[in-house]
Amino acid sequence: MPVTAQEEEIAAPGPAGGAGREPLLRVEGISVNFGAVQALSDVSLDIHRGEIVAIIGPNGAGKTTLLNVISGFYHPQRGRIVFDGKDRTQLKPFEVAELGIARTFQNVALFKGMTVLDNIMTGRLLKMRGHFLLDALYWGPARRQELEHRAAVERIIDFLEIQAIRKTPAGRLPYGLQKRVELARALAAEPQLLLLDEPMAGMNVEEKEDMCRFVLDVHDEFGTTIALIEHDMSVVMDISDRVVALDYGRKIAEGIPDAVRTDRAVIDAYLGVAHD
Amino acid sequence: MPCAPTAPSSTPISGWPMIELLRGVLVAPFADMAGNLTFLTEVLFGGVAAGLMYSLVALGFVLIFKASGVFNFAQGVMVLFSALTLVGLMEKGVPVPIALALTLLTMVALAFVIERVVLRPLVNQEPIILFMATIGLNFFLEGFGEMAWGANVKKLDIGIPDTSFIVRGVQVNRLELTAALTAAVLVGILAVFFQRTKIGRALRAVADDHEAALSIGIPLKTIWVIVWSVAGLVALVAGIMWGAKSGVQFSLSLIALKSLPVLILGGFTSVPGAIAGGLIIGVGEKLGEVYWGPLVGGAIENWFAYVLALAFLLVRPQGLFGEKIIERV
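If you read the sequences in order, they're chains A and B.
Position 174 (the first sequence) corresponds to 174 in my numbering; numbering is contiguous.
Position 257 (the second sequence) corresponds to 1257 in my numbering; numbering is contiguous.
Where hints are given, some of them may not hold.
[Unchecked claim] Partial pick of chain B residues on the chain A-facing surface, computed with a CB cut under 8 Å: (1) L1214; (2) I1218; (3) E1289.
Read the hints as simulated data drawn from the structure, not as lab findings.
What you are looking at is a predicted structure, and each value in this text was computed from that prediction instead of being measured.
Glycine included, each C-beta is placed from N, C-alpha and C at the ideal position.
Kindly generate the complete structure, drawing on both the sequences and the hints.
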């Protein structure tokens, strides 16, 4: 499996190399509660440049909440988020996107009525400059700009091997491909940090292998820092440099995949604990 | 044999009215058209002019539907409200350009208020709830407009006389011509702008999925304000044109009903659809009225649009250019 081979190459500079420098994203003591439900309590987490970090945990552990906090959909009641050296705890989702954080959703959030091409083009909206009148005339710089972005999108389409479905409305695609298109849209924004919420959920083995390959290729090719939530442990162990485990809104373990896999607290969280 | 000739001749006798009818429907009108081309041109011009005016109103619906997935029940009243504001200001002695600017400002301010008071609290709600909110908006604007400017019929004089001139024997109404040209220019600009630009794509994105749109960096609120402002501008232009034609009064808000079939025909999500739909209905109902009207005793103009829309709903519910509704199960 090519996945394992690549993992060994990138595992080295991961946690050890990045530890000394300023992390790309620092989450400090985040707490989020919805009414009486404590979704996250005092969670801290660093993500370094060039890492692939997996966030694991049983259902309801607060993984998606953490991702939503990072991408600005929720605002934490306590704690701080520092991205690229700047505090950005209270930013709104579209402002987070402007900073260079792109994400995908657990239940694919594509623009279903639009073609795959248009979906991916929307990912570049932030890269486009608006010339109100020139845009309307589709003339001069506006036209050049559109063509430039189109070229960038075509590169991503080639990269993720979705040439054949370019003109298909996204809503008509099978689930696995929709996930891939969503990844393409996130990539189109050329993010510094890519957040993937269960990119392989509901996929068959073959689709999972493809997705693994794409995630690793993205990492190698563009040097994108990636944080992903995933349930499939073999996937997590294969592709991540570091694993963070959550349970009941708390961080219970953090470290290299092998260490987390054998961690007592993690095993207890997944299998349940005998109260003796 | 006395029986022999009667048998075959009975068939043509009972068949005659049928053939007569078919001739009346399929042949005579076209012969009439070909027979008097000048008159046909006049009818077609009237149809295109009316059609563009329908398109103008329909466009307001399309813009808002595209951006927020909401059918804006209040679009018709927005037309009335903008026209009322304009006339009201002009009656107070405000010069026309300033009155126009002030009315436009009012519509933009209205867009801000709607975003803050109606849309923002209802973000991510079911479309039906947003639809109900626009019904509320409809009643509010109707009452507010009448409270502010009075309920009596007002005359809107924009300085273009409601008279005709003749080009090569074809009568052309100045007011209709101006309205048609204005509508055509506005519709053209908006169509290109929303089809080809960054904002157009952002609009479609917002309409499709709020969350996903936010995640790729589209500020929802800004988009909504832009869209409702543009819808306000479109309403103002429609209000001026229709108001100049038939006076500014409550019934102005009912032209919205006439643009519903246009939307069904063209597709709720398509700017070119709104234009094509308007033209088809405008021209269709005028031709129907003039050439086929006598067959059924007239008044085709009143129901043509709705029957056509019904037929479309059966055959092609997404309209001519609308996005097909896709649901994977």
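Each hint tested on the structure:
no., hint, verdict
1, L1214, "4 Å, holds"
2, I1218, "6 Å, holds"
3, E1289, "36 Å, violated"
Checked against the numbered hints listed earlier, the structure breaks hint 3 alone; every other hint is satisfied.
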